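A.B. asks: Sequence:
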Amino acid sequence: MHDTGPGDLPDSSGLSALSTCWDTGSAGGMRARIDRRTSGHTHDVLKILLVVLLGSLAVAGSVTAVLVSPWWWAAACPLLVLALVAVHDLVQRRHSVLRNYPLLGHLRFALEALRPELQQYFIERNFDGRPFDRDTRSIVYERAKGTDAEEPFGTELDLYRTGSEFLTPSMAPRSVPAEAPRVRIGGPECTRPYDMALLNVSAMSFGSLSANAVLALNTGAQLGGFAHDTGEGGLSEYHLRPGGDLVWEIGTGYFGCRTDDGDFDERQFAEKAAHQQVKCVSLKISQGAKPGIGGVLPGAKVNAEIAAVRGVPQGETVISPPFHRVYSTPRELVRFLARMRELAGGKPVGFKLCVGSRREFLAVCKAMLEEGSAPDFIIVDGAEGGTGAAPLEFADNVGLPLGEGLMAVHNALVGVGLRDRMRIGASGKVATGSDLVRRLLQGADYTNSARAMMFAIGCIQAQRCHTNACPVGVATQDERRARAVDVPDKSQRVRRYQQATVKSALQIMASMGVDDPGGLRPHMLLQRVNPHTVRSYAELHDWLTPGQLLTSAPSSWAADWKAADPDRFTH
Numbered sequence: 000m001h002d003t004g005p006g007d008l009p010d011s012s013g014l015s016a017l018s019t020c021w022d023t024g025s026a027g028g029m030r031a032r033i034d035r036r037t038s039g040h041t042h043d044v045l046k047i048l049l050v051v052l053l054g055s056l057a058v059a060g061s062v063t064a065v066l067v068s069p070w071w072w073a074a075a076c077p078l079l080v081l082a083l084v085a086v087h088d089l090v091q092r093r094h095s096v097l098r099n100y101p102l103l104g105h106l107r108f109a110l111e112a113l114r115p116e117l118q119q120y121f122i123e124r125n126f127d128g129r130p131f132d133r134d135t136r137s138i139v140y141e142r143a144k145g146t147d148a149e150e151p152f153g154t155e156l157d158l159y160r161t162g163s164e165f166l167t168p169s170m171a172p173r174s175v176p177a178e179a180p181r182v183r184i185g186g187p188e189c190t191r192p193y194d195m196a197l198l199n200v201s202a203m204s205f206g207s208l209s210a211n212a213v214l215a216l217n218t219g220a221q222l223g224g225f226a227h228d229t230g231e232g233g234l235s236e237y238h239l240r241p242g243g244d245l246v247w248e249i250g251t252g253y254f255g256c257r258t259d260d261g262d263f264d265e266r267q268f269a270e271k272a273a274h275q276q277v278k279c280v281s282l283k284i285s286q287g288a289k290p291g292i293g294g295v296l297p298g299a300k301v302n303a304e305i306a307a308v309r310g311v312p313q314g315e316t317v318i319s320p321p322f323h324r325v326y327s328t329p330r331e332l333v334r335f336l337a338r339m340r341e342l343a344g345g346k347p348v349g350f351k352l353c354v355g356s357r358r359e360f361l362a363v364c365k366a367m368l369e370e371g372s373a374p375d376f377i378i379v380d381g382a383e384g385g386t387g388a389a390p391l392e393f394a395d396n397v398g399l400p401l402g403e404g405l406m407a408v409h410n411a412l413v414g415v416g417l418r419d420r421m422r423i424g425a426s427g428k429v430a431t432g433s434d435l436v437r438r439l440l441q442g443a444d445y446t447n448s449a450r451a452m453m454f455a456i457g458c459i460q461a462q463r464c465h466t467n468a469c470p471v472g473v474a475t476q477d478e479r480r481a482r483a484v485d486v487p488d489k490s491q492r493v494r495r496y497q498q499a500t501v502k503s504a505l506q507i508m509a510s511m512g513v514d515d516p517g518g519l520r521p522h523m524l525l526q527r528v529n530p531h532t533v534r535s536y537a538e539l540h541d542w543l544t545p546g547q548l549l550t551s552a553p554s555s556w557a558a559d560w561k562a563a564d565p566d567r568f569t570h
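0 is the number of the first residue of the sequence shown in numbering that gives the first Met the number 0; add one for each residue after it.
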């Protein structure tokens with residue numbers, strides 16, 4: 000037990016101060032609670048007074064209209080409507096803002112609805128809009144109209160920004176070729192090769208696009224001599240009627256060539272692949288904007304026309320699974336592609352994918368080597384590619400961007416010695432001549448464009464594709480809206496845009512001292528890695544030599560090459 004001295008006793012003045020603080024804190028807390036209660040009570044009273052005031056004014060106006068003059072209805076009716084809306088706002092449970100701020104809360108929703116237009120027209124600069132900036136959209140619009148796509152006073156871009164890329168001009172430029180080169184699609188197993196243009200219409204289905212939009216795109220392709228990918232929604236009369244060259248895309252739903260239970264139907268496929276306009280067939284494995292996701296087409300949207308095109312029952316919900324039923328291993332994929340070519344009468348056959356695991360693609364390459372068979376082309380779809388609707392998490396985070404995907408596929412095929420027998424297409428935000436040249440430098444042989452072709456027929460990037468309320472009639476099945484797309488005019492715009500963009504690409508290549516796309520090399524594309532340093536793509540990335548993976552795989556590829564299994568997809 001310890002003795003306690005006088006100095007150990009609590010100071011009475013300290014206790015007094017503590018007591019005072021406690022009393023002050025309690026009083027302050029109580030006042031704050033009272034203020035909050037009073038404020039909440041006042042807010043509730045004001046809301047009720049607002050409704051009562053509007054109701055009273057509406058009643059007074061109605062009485063005056065009956066007793067004095069019918070003109071008073073002009074004031075009474077709006078007040079009555081406002082009163083009813085205010086009552087509805089107070090009692091509804093869906094929107095908290097409206098419960099707390101009847102009538103005024105609607106201003107928040109109105110501004111939210113107008114935000115995209117305000118952002119696009121008044122806030123964004125020429126070069127920072129997304130997905131496509133104003134400068135890019137303007138280039139497409141001007142070329143489609145046949146006007147000069149030129150700007151005065153120099154670039155608005157910050158060329159010292161990290162990540163900026165530059166194409167290198169030559170001190171000995173060449174003349175621009177009189178005719179645009181074409182790319183021969185068709186390997187040793189193909190008996191009916193096709194000469195592909197450098198820029199073509201990328202995959203967009205009838206159903207996602209209106210009938211008039213599809214007609215305009217295919218008519219433009221026919222006029223300009225380039226190809227039009229059908230998308231996975233099947234071969235419609237709108238694809239076939241104008242007579243343009245088609246790449247028939249087949250997805251996991253096998254639309255247009257499916258059995259009643261959703262399997263691949265060889266007989267239907269052979270019949271439709273025999274169409275004279277079908278020049279190539281593409282098996283869609285995945286899509287850049289949403290790789291690994293299937294799709295659901297609600298029964299309400301499956302009208303008689305779409306049901307006939309896709310080969311599904313009218314009015315029933317249709318599901319496209321995330322995977323194919325026709326294969327489960329790399330070897331089965333290679334064999335199925337060979338079977339498709341046989342059924343298509345020797346026409347070029349390939350597949351489209353958004354690259355993810357390099358190891359899985361190398362497994363497909365091993366299967367090609369062991370089977371002695373390979374597709375005629377591969378379309379690499381970048382993660383920046385577009386779609387009518389996709390979960391934001393997938394669009395923003397899943398899949399390789401086009402540049403990385405292209406270089407992975409190109410180098411893998413070079414490394415196994417198969418690059419010479421197949422061609423690589425690139426799709427994903429290709430809109431200008433410089434975009435086209437950049438993708439050729441990264442490993443592509445040709446390019447496809449979807450959204451830029453939509454701009455050419457009137458798309459304004461309203462981003463309403465998923466609502467069936469496209470303001471310009473492009474991405475809708477509403478016939479009234481679709482009438483806005485004038486097929487004769489818009490088809491000429493598609494032709495002019497494609498030709499002007501290819502011409503621009505050829506001019507850029509000529510300025511680089513290149514006569515033909517085959518002369519482009521990785522060292523001709525530079526990237527700023529920091530504010531003071533620029534490196535070429537030849538320095539920044541691995542570029543394999545023919546057959547290198549078969550002899551001595553570089554360390555950066557060795558682990559993936561060793562783990563790649565032609566009989567199993569291993570991520």
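Just to be clear, a hint being listed does not mean it is correct.
Below, a list of computed lysine to any residue pairs in the SDA-like style, where the Cα atoms sit at most 25 angstroms apart [said to hold, decoys possible]:
(1) Lys144 - Val175
(2) Lys502 - Thr154
(3) Lys502 - Ala59
(4) Lys365 - Gly416
(5) Lys271 - Gly355
(6) Lys502 - Pro521
(7) Lys365 - Thr190
(8) Lys144 - Glu116
(9) Lys144 - Ser163
(10) Lys300 - Lys365
(11) Lys561 - Leu539
Note that these hints are calculated values from the structure, not bench results. All of these numbers come straight from a predicted model, not from anything done at the bench.
A.B. asks: Hint numbers the structure violates, sorted upward?
C.D. replies: 3, 5, 9, 10
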